[in-house]
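Novice: Model the placement of chain D on the given structure of chain F, informed by the hints.
2 protein chains.
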Amino acid sequence: MQSNKMVQGKFWTLRQHFVGFPKETDFELKEEELPDPKDGEVLLEAVFLSVDPYMRPYSRIHMKEGDTMTGAQVSKVVQSRNPNYPVGSHVIVNCGWRTHYLSDGSDLKLVLSDWPEKLPLSLALGTIGMPGLTALYGLEEICEIKAGETILVNAAAGAVGTVVGQIAKIKGCRVVGCAGTDEKVSYLRELGFDQAFNYKTISSLEDALREAAPQGYDCFFENVGGDFTSVALAQMRPFGRIALCGSISMYNDEIPQTGPYINSYMILKQLRMEGFQVTRWEYKHYDGLKRLLAWVKEGKLQCREHITKGFNNMPAAFMAMLNGANIGKAVIKI
Amino acid sequence: MQSNKMVQGKFWTLRQHFVGFPKETDFELKEEELPDPKDGEVLLEAVFLSVDPYMRPYSRIHMKEGDTMTGAQVSKVVQSRNPNYPVGSHVIVNCGWRTHYLSDGSDLKLVLSDWPEKLPLSLALGTIGMPGLTALYGLEEICEIKAGETILVNAAAGAVGTVVGQIAKIKGCRVVGCAGTDEKVSYLRELGFDQAFNYKTISSLEDALREAAPQGYDCFFENVGGDFTSVALAQMRPFGRIALCGSISMYNDEIPQTGPYINSYMILKQLRMEGFQVTRWEYKHYDGLKRLLAWVKEGKLQCREHITKGFNNMPAAFMAMLNGANIGKAVIKI
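So the sequences go chain by chain: F and D. With this note's numbering as the guide, the letters of the first sequence map in order to residues 1 to 334. With this note's numbering as the guide, the letters of the second sequence map in order to residues 1001 to 1334.
Just to be clear, a hint being listed does not mean it is correct.
Listed next, with one range per pair, are the computed distances between beta-carbon atoms [as the list claims (entries may be wrong)]:
no., chain 1, residue 1, chain 2, residue 2, range
1, F, Glu206, D, Val1019, 57 to 67 Å
2, F, Asp114, D, Pro1238, 30 to 40 Å
3, D, Asp1067, F, Val231, 28 to 38 Å
Hints were generated in silico from the structure; no laboratory data involved. Cβ atoms here follow ideal geometry from the backbone N, Cα and C, with glycine treated the same way.
Next comes chain F alone, as it looks inside the complex (with noise of 0.2 Å):
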């Protein structure tokens, strides 16, 4: 199973860190060569790369200038002397924006055994993966949704919003979205979203979301932040729960956005907010995308991808997806 030749391998690093929205110039494109695996080892190729909104954020708080992007995959095992990853075997791992990747298996995890032929794999960067996850515990361990109840989620149309809208209703919710293009806004529709509208395109986000639940919200899953969220405060339910789950309008924010203090809506209506992520309920991964793949192989969950193809166009592909340019999940392919 050993090759004789070296594997080149391409890599991203932050050139810089961003300043204000992400530029081309910003990233920086790399290669390295690879030794073969030694006992234990695995050579992991690259068939799949998530860009996700959180990269933005991570940059800033974890990353220094030349580091390499961070970032899951789905790669393919091509050379291996570790027997629980067999050559031609697929794996998750958070190896970064990288081609190619030396992995002593400890921090790979194998594609479900029971993902049926026909399903993308690309699939396990998105609903059945961390993506989908973010929604299901945001809505359970957060939210704590409840059949009958009416859940607010914005950017609805992206890789978490498009799974929160679909399991709450799987749960029996009511369930009003918006995003930011009519595009999106008739996909959200085909999903099944009792209400959804179009941010962009409204003369007011307070009469657009009174009109699609008068009665108010229970539920608000938060995907953007900034004004979005004072303005939809006001129009929770007492005792409604949000999930704080990203603010991708905040992101790329030099100055930070301001807005009026929320104090007294919380008071008033007895609101609970919570910020969390993904990472807090590893425990309980495995039962999580076992369950999302069965809602996915039941066709209660619909999953739609954002493709790119070329390694090369990842930091394109990051920045569209902060631009919002996709429906779904983005996904690079190689």
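Specialist: Just chain D, lined up with the frame of chain F:
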């Protein structure tokens, strides 16, 4: 037990809605004649009345001009045709700012039966009343404090804050409190707060909070709102809990205060913030009051009151309390 002459009562109304900080002319003192109680009724005479911060936002949300000011009092039964409330017994009743009140008994709560003779009945409006329960529920139900954790409380020398800090100490926490005068800060130290500072004389709230707890805060009992919230949030530890109890710095604003959106902090640290009102746990008030009384009897919970004499001085006492003149609970004694 019946008197033959009508009782003359006084009550304070909201003459006009407050604009900004309340002023004397916003209140109007009125008189009324109360008839003798009918069968099942009792006639009450106020002994102690409460002024609390919540009355300011309450007036805006729930009252119209001309309404009687809202609030609780300890009153004495002076005439009775209800065997549950004999003449001479003391009750807690939420009948507003008035000297006399005719009740059918359905809105009365007797002072706890094991209330010690030597303990002022006014405490039933403070440490062994709604403010005490507010502190208790905020810590137990919202913050879910655990021994060894570090708790921050602001407006710490107030009716609620003094109880928050002391209960947190009883439960084995480290407590940091802040208040607006040096005298209050000394009192917090007397009560056993681990750290206390005067937020009006420090040069930087951020630095003062960091120095008081370099490791950060697990819980934050928030009585103040506004800028304090966002500065303090930045110093919460991962999985920190914030109990939003009041926003005294914001109640008199005509234009809502603004500040940086907190979403990023909330997500990064996975913080949970919840607004609450003491009424949520009414079913266990009795149990809560018994526990508070027990701590007072054991000497674990000190009580301090700021007493204003004279029903006619209620508006002045209310305004002084909003201005922070009180250490401990602000009470009016007839």
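Novice: Compare the structure with the hints numbered earlier in the document and write down the numbers of the violated ones, lowest to highest.
Specialist: 1
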